[in-house]
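Visitor: Here is how the chains run, residue by residue.
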Amino acid sequence: MKNIISIFTSLLIISNLQAGTIKIVTTTMDLRSIAEMVGGNKVSVQSIATGYQNPHFVDPKPSYIISLSNADLFVTVGLDLETGWSPQLLSSSRNAKIQKGSPGYVDASEGVGLLQVPSSLNRGEGDIHIYGNPHYWLDPLNGKVIARNIAEGLERVDPANKAYYEANLSAFFGKVDAKLKELEAKMAPYKGTKIIAYHNEWVYFERRFGLVIVDFMEPKPGIPPSPSQLVKVIREVKADKIKVIISSPYFTTSSSEVVSKETGVKVLSLATSAGAFPTVKNYFDVFDYDIEQLVNALK
Amino acid sequence: MAFAGTLFFKKETIPVNLIFIYKKIIPVILLFTAVLFSNEIIAQKKIDSTAIADSILQKKIEQQLLQSANQPMQPAQPAPQTTRSGISANPDIGVVADFRSSYLSSGKRNFDAYLDETEMSFQSVVDPYIRADFFVSFGRDPITHQYGASVEEGYLTTLALPAKLQLKVGKFREAFGKINPTHPHALPFIDLPNAIVNYFGEDEGLNDEGFSVSWLTPTKGFYQELVFQATSGAQASPTFFRGDNNRFVYLGHLKNFFTLSDNATLEFGLSGVTGPNDSSNVTNMAGVDLTYKWKPVQLNTYKSLTWQTELLYSNAKYSASKSSNSFGMYSFVESQVGKRTFLTGRYDYAQKPYDRSIVEQAFSLSLGWLATEFQKIEFEGKYTTVNVLPDFNQFWLRWIFVIGAHGAHQY
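Sequence lines, in order, name chains P and Z.
Using my numbering, the first residue of the first sequence is number 1, and each one after it goes up by one.
Using my numbering, the first residue of the second sequence is number 1, and each one after it goes up by one.
This is chain P alone, in the form it adopts within the complex:
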């Protein structure tokens, strides 16, 4: 019995020891990128989803539980984006520090101005998000809200370095302001341009950069394109002289290509997350890449 007590006492002491860096697990690569910028050299960050993966449909592999079981901070996009997989992983993590309501749990959406909040829920309308459209990180200004939430989380679990995180946060805000000014200038000539999107995940991006999404390839969110929807989109593309269909790396482009063959519209696979393509390494690269692709296509 003495041996058992000493073994478990040792395990408890080890688990309570402060490691050198704050271990952060994020659900997506954008959160990881922002956490790295705010946390600097005080943190090590891992993302569960890759940048080229549909964040709605991540398989809850047991291997993710290992990272979560050792994490000091867990950062989630929230708004039920990860509802199909992250609650199960959190429950299995055996880590009280990062459970919802604990200091190490960060809902990055807190304080975001939400769009498309439904007044009623009916799955007959497809995959409707009950709290509003969760793809809010695609507006760089919402990146500031995310960064603020992450900084507050870091300051809760590592208050000794509060000044360091606040300094990084200010630097991040400055970068966002500069980047936004640059990108809005590039997109200014195309304000009001009508486009088609594959899935309803661009509403924050559309609003920030002055685009107008007139329709989606999916007839309803999450429902694959039907022949009648393709016919409808082809008519809209011709009628409105639409030049671009935007999609994401995790959707096949076969149906968009059909519309392209009929109308000549360009099909662009844009980055929805850091790591979506080899050149898109961080959160700012997402917007650089997407705006460059759009400007080239709309010229």
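There may be inaccurate statements among the hints.
SDA-like, lysine to any residue: derived pairs with alpha carbons at most 25 Å apart [stated by the list, open to error]:
| # | chain 1 | residue 1 | chain 2 | residue 2 |
| --- | --- | --- | --- | --- |
| 1 | P | K220 | Z | T341 |
| 2 | Z | K322 | Z | V359 |
| 3 | P | K23 | Z | D262 |
| 4 | Z | K164 | P | V43 |
| 5 | P | K61 | Z | E267 |
| 6 | P | K191 | P | S119 |
| 7 | Z | K339 | P | K175 |
| 8 | P | K232 | Z | T372 |
| 9 | Z | K168 | P | S91 |
| 10 | P | K220 | P | S91 |
| 11 | P | K97 | Z | N281 |
| 12 | Z | K339 | P | H129 |
| 13 | Z | K303 | Z | H183 |
| 14 | P | K181 | P | V43 |
| 15 | P | K281 | Z | T372 |
| 16 | Z | K164 | P | S63 |
| 17 | Z | K322 | Z | V282 |
| 18 | P | K61 | Z | Y292 |
| 19 | Z | K164 | P | G20 |
| 20 | P | K61 | Z | S261 |
| 21 | P | K61 | Z | K322 |
If you are wondering where the hints come from, they were derived from the structure by calculation, not from laboratory data.
Keeping the supplied structure of chain P fixed, place chain Z upon it in accordance with the hints.
Guide: Relative to the frame of chain P, chain Z by itself:
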């Protein structure tokens, strides 16, 4: 009450094998409880000391407020467009229903159509320390064809035990292999493999009341989980049966999960279970499971392949002079041939647990179509040979849907 009976009994009635639980396991559980509460006490002391230093804290807050007043304002964010909806303290509630029709080539009654099962789930975190999951099943008795309700599962799971331990208490599907812990509606075929039916039954499987302790072992490079479960055996299965004594069913499972690449994983599991049978003797079982999954991360909703195999061995003692060793296995390949279409081929081999000379073999093919993640229609055809019976065919059509919230199933 049945579960309470497994924990609270007079010490003089405890058999020798249960004294081990008293002397070894219960002290360990008490130790963990003490550690858990000691953390709370430490936290409480910290709060008390903070309260003493209240005036110092007040000064610091005032200083920081003064400093923040001199700092530039945070960049303005867009005002929320609308308030959040759906805030509720209710548990997540979901309903999964399963309509079936079936054909059996032997016997007089060949065709059937029925609502096989309606499962209602209630799932929620209770407090910062535990969560609760309850699944109430309304189903048709396969013998009497009468509908009835039962608690399919109902358990509490700890969220905050130290040393990467997790305790589950209640009624649950036991962690033997891969098929038994899985709810039938999440399987890629309609029937259960013959070996699983022979050993654990075709209704609820090995599903009982008791407790389960799992430990996430400190391995590096792969996931390993060790599970120990003790259940009352009150839920009779073809293999285990609760008699008039204090013999329980004890189960161990070792799960090893390897990430081969971003797109491929391999799981290897070992299971062992021992418990009383219906002749008041003991049955021991061992199992090995192997699962390979390929699912490209980028297009994981379009393509996937799963190969899963389970081997089961049983040694059942029926009397001092009579015992039976038997073997069973299944192997299936599930291929996602389109975004919404799945094709599964399965082979079954099963000896009867009470007489290994009776051998069943079966080949089945299932086609599943998922309209969305909330609805699927499946068709299965199965050809069975039994060495003491004529061959026969079976066909099933199943339509499953889910409304409300339903948590993710294990990977």
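Visitor: Look at each hint and say if it fits the structure.
Guide: Here's how the hints hold up against the structure:
The straight-line distance between the Cα atoms of P:K220 and Z:T341 is roughly 20 Å, inside the 25 Å bound, and the hint therefore holds. Only pairs whose Cα atoms come within 25 Å are accepted, and Z:K322 paired with Z:V359 is accepted, the gap being roughly 20 Å. Only pairs whose Cα atoms come within 25 Å are accepted, and P:K23 paired with Z:D262 is accepted, the gap being roughly 22 Å. The suggested pairing of Z:K164 with P:V43 holds, with an alpha-carbon distance near 22 Å, which does not exceed 25 Å.
The hinted pair formed by P:K61 and Z:E267 meets the criterion: a straight-line CA distance of about 11 Å does not exceed 25 Å. Pair hint P:K191 plus P:S119 does not hold up; C-alpha atoms about 29 Å apart against a cutoff of 25 Å. Between Z:K339 and P:K175, the direct Cα distance comes to roughly 40 Å. Violation of the 25 Å bound is thereby established for this hinted pair. Distance restraint check for P:K232 and Z:T372: the Cα-Cα separation of roughly 22 Å lies within the 25 Å cut-off, and the hinted pair is therefore satisfied.
A C-alpha spacing of about 12 Å is found between Z:K168 and P:S91, which places the hinted pair at or below 25 Å, so the restraint holds. Pair hint P:K220 plus P:S91 does not hold up; C-alpha atoms about 32 Å apart against a cutoff of 25 Å. The hinted pair formed by P:K97 and Z:N281 fails the criterion: a straight-line CA distance of about 46 Å is larger than 25 Å. For the given pair, Z:K339 sits about 22 Å from P:H129 by alpha-carbon distance, which is consistent with the 25 Å threshold.
Of the pairs offered as hints, the one joining Z:K303 and Z:H183 holds, with about 23 Å between alpha carbons and a cut-off of 25 Å not exceeded. As the CA atoms of P:K181 and P:V43 are separated by approximately 29 Å, the hinted pair breaks the 25 Å bound. Between P:K281 and Z:T372 the CA atoms are separated by roughly 33 Å; this puts the pair beyond 25 Å, and the hint is violated. A C-alpha spacing of about 14 Å is found between Z:K164 and P:S63, which places the hinted pair at or below 25 Å, so the restraint holds.
Among the hinted pairs, Z:K322 with Z:V282 is consistent with the structure: their alpha-carbon atoms are about 12 Å apart, no more than 25 Å. For a cut-off of 25 Å, the pair hint linking P:K61 to Z:Y292 stands: about 13 Å separates their Cα positions. In summary, the hint linking Z:K164 to P:G20 is supported, as the alpha carbons are separated by about 21 Å, within the 25 Å threshold. With a C-alpha separation of about 12 Å, the suggested pair P:K61 and Z:S261 falls inside the 25 Å cut-off, and the hint holds.
Taken as a hint, the P:K61 and Z:K322 pair is broken in the structure, with Cα atoms around 44 Å apart against an allowance of 25 Å.
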